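Top to bottom, those sequences are chains V and P.
Per our numbering, the first sequence starts with residue 171, numbered consecutively.
Per our numbering, the second sequence starts with residue 171, numbered consecutively.
Hints in this document: simulated from the structure, not taken from any laboratory.
Please note that the accuracy of each hint is not assured.
For chains that are exact copies, the list does not tell them apart, and a pair is met inside one copy or across any two.
Okay, derived cross-link-like pairs now, DSBU-like style, lysine-lysine, Cα gap no bigger than 30 Å in a straight line [unchecked claim]:
1) 288 - 268
2) 407 - 222
3) 268 - 301
4) 268 - 283
5) 425 - 467
6) 327 - 348
7) 324 - 301
8) 222 - 288
On a predicted model such as this, the values are computed, not experimentally measured, just so you know.
Number of protein chains: 2
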Amino acid sequence: MNLTFLGTGGGLPSPQRGVSAIALQYGRDILLFDCGEGTQRQFMTASLSFMKISSIFITHLHGDHILGIPGLIQSMNLSGRTEPLSIFGPSGTVDLIKSSLSLGYFNPDYEIKVCELKPGDSTEVSGLTVKAVEADHTIPAISFIVQEPQRAGKFSKAAAKELGIPEGPLYGKLQSGKSITLNGRTIESSMVMGPPRRGRKLAYSGDTRPTDLFAEEAKCCDVMIHEATVMADLADKGLEFGHSSAAAAAEIAKKADAKKLILTHFSNRYENLEEVESEARVIFPNTNAAYDFYTFKIDYSE
Amino acid sequence: MNLTFLGTGGGLPSPQRGVSAIALQYGRDILLFDCGEGTQRQFMTASLSFMKISSIFITHLHGDHILGIPGLIQSMNLSGRTEPLSIFGPSGTVDLIKSSLSLGYFNPDYEIKVCELKPGDSTEVSGLTVKAVEADHTIPAISFIVQEPQRAGKFSKAAAKELGIPEGPLYGKLQSGKSITLNGRTIESSMVMGPPRRGRKLAYSGDTRPTDLFAEEAKCCDVMIHEATVMADLADKGLEFGHSSAAAAAEIAKKADAKKLILTHFSNRYENLEEVESEARVIFPNTNAAYDFYTFKIDYSE
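With the hints as extra help, turn the sequences into a complete structure.
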């Protein structure tokens, strides 16, 4: 599970920052969260293949989160895509994709499946569950909670030895959840395996004022990605336009007991992000301010 | 008259090259020719203000020439634009802009005037005449010929002295085309001024197979910008997809008696453009292959 930040600017791009796009690599697939203008080129610069995108998740229909979709769809076609592409987003996404496909002379040679998610809806994609959570922006907007399924517990070699099981293929059988028969005795997998361990969890706020609901839904996530359009001195201005400050994002991460906080969606007024990062770290120490092409590997915590 | 190449890639962008966009600065205005995805950010990187764009000229409705329009329009709005923006393009441009304005939540606070140009049509913009010329691509496409009006002839100080005109404000009056009276004698401007000199001329091919019509319409231009998607060994493949080779572009510049040729719209297969440039220079020596942020000042030739 690897995150690559492809655009960390808010509203307008800048020479340093593209607009919103975050790639989540999981197995062979990429899930793309938001797709601002220029995302296809950011993929190229990051040496990531946009052909591996299985699905795109859109938080809301503001230009800096969606205007990379038409070009990405067209370039996938030029590059010979045949696999279907799924696009999920809030109410209005079906019309958005319809308009996106009507720009100029273009007809995709692959299927594009569009699905609007109401807050509370979940979907299964590439082996992950993605849940839409109501955000608090100036237009209908959703946050996303990504949950990996739970995985097998830890194998106890000591327990296996005590049961007299010889090292070898029988270990593998038990580890895969099957029971074995040894000297006429049935040994269940659960006798040598610990309890199932929870999968990794990622929470992405999209554009939003800070909300308790997001903190709650993101509870104990391994990584929280939260927008931090402004710093605390401009928090009121941020709220007016439906945004959070770095300090407020840190408060949400703290409430959620997140393991790590990554800030993004920075206003162009902040060239250097050290101060932004510091403001959050006072409240939530394990914080990083993302920059374009910043990557983060989400490890298992158990 | 300054040219800035904001995107020199063909079809797909690459880490090195954005897709088609050329800014022509004239006086205080910028005329933008084509507007591929990412153009607004290329403006920023070039330290050019996209707020100075008076009009956008679109050669044809393929994604790599148009998908920067929605973001540019929205960012102009975010940056407080109030002046109208004119957009010219081939048949289909009205629908394109209608669709572009329907992406997500957006309503411009300034007027957007859209005008479709048939081949042969001309328009006056920012003091320049821009003529649409039929191109030969896979979809309806036009090339553009930009003509500056003629300007006053050269002032002959020798002639003025011979006529006994004292240096000073009378010189300025004659230079501005007015006649003066000196010792009861009328002196016409034409007695000290040479014949009017022709204005500068720029020709931009857009995407096209090489055509005699473009060579004819571009006759004696100061700068010809011609697409060179491929090199001569792939000329047939280029023609199949409605494109020109570097050699073919050079032949057109030669036929047109252009003063300078600038190549653009390069396939991603060419990382290094030296060979592309060399191929054209054998036929038309005064050739440059453009790269992103390449600038060229068009001087008066007379």
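Now the hints, each set against the structure:
Taking identical chains as interchangeable, the C-alpha atoms of residue 288 and residue 268 lie at most 30 Å apart whether they share a chain (19 Å) or sit on different chains (28 Å). When the C-alpha separation of residue 407 and residue 222 is checked against a cutoff of 30 Å, the pair qualifies only between copies, where the shortest distance is 28 Å, while the shortest distance within a copy is 39 Å. Taking the closest pair of Cα atoms, residue 268 and residue 301 come within 30 Å of each other only inside a single copy of the chain (24 Å); across copies the shortest separation is 33 Å, beyond that limit. Both within a single protomer and between protomers do residue 268 and residue 283 lie at most 30 Å apart by alpha-carbon distance, with minima of 11 Å and 24 Å respectively.
Within a single copy, residue 425 and residue 467 get their C-alpha atoms as close as 23 Å, which meets the 30 Å cut-off; across copies the closest is 58 Å, which misses it. Taking the closest pair of Cα atoms, residue 327 and residue 348 come within 30 Å of each other only inside a single copy of the chain (16 Å); across copies the shortest separation is 104 Å, beyond that limit. Proximity of residue 324 and residue 301 under a CA criterion of 30 Å is satisfied intra-copy only: 28 Å inside one chain copy versus 73 Å between copies. Taking identical chains as interchangeable, the C-alpha atoms of residue 222 and residue 288 lie at most 30 Å apart only when both belong to the same chain, with a minimum of 26 Å there against 41 Å between chains.
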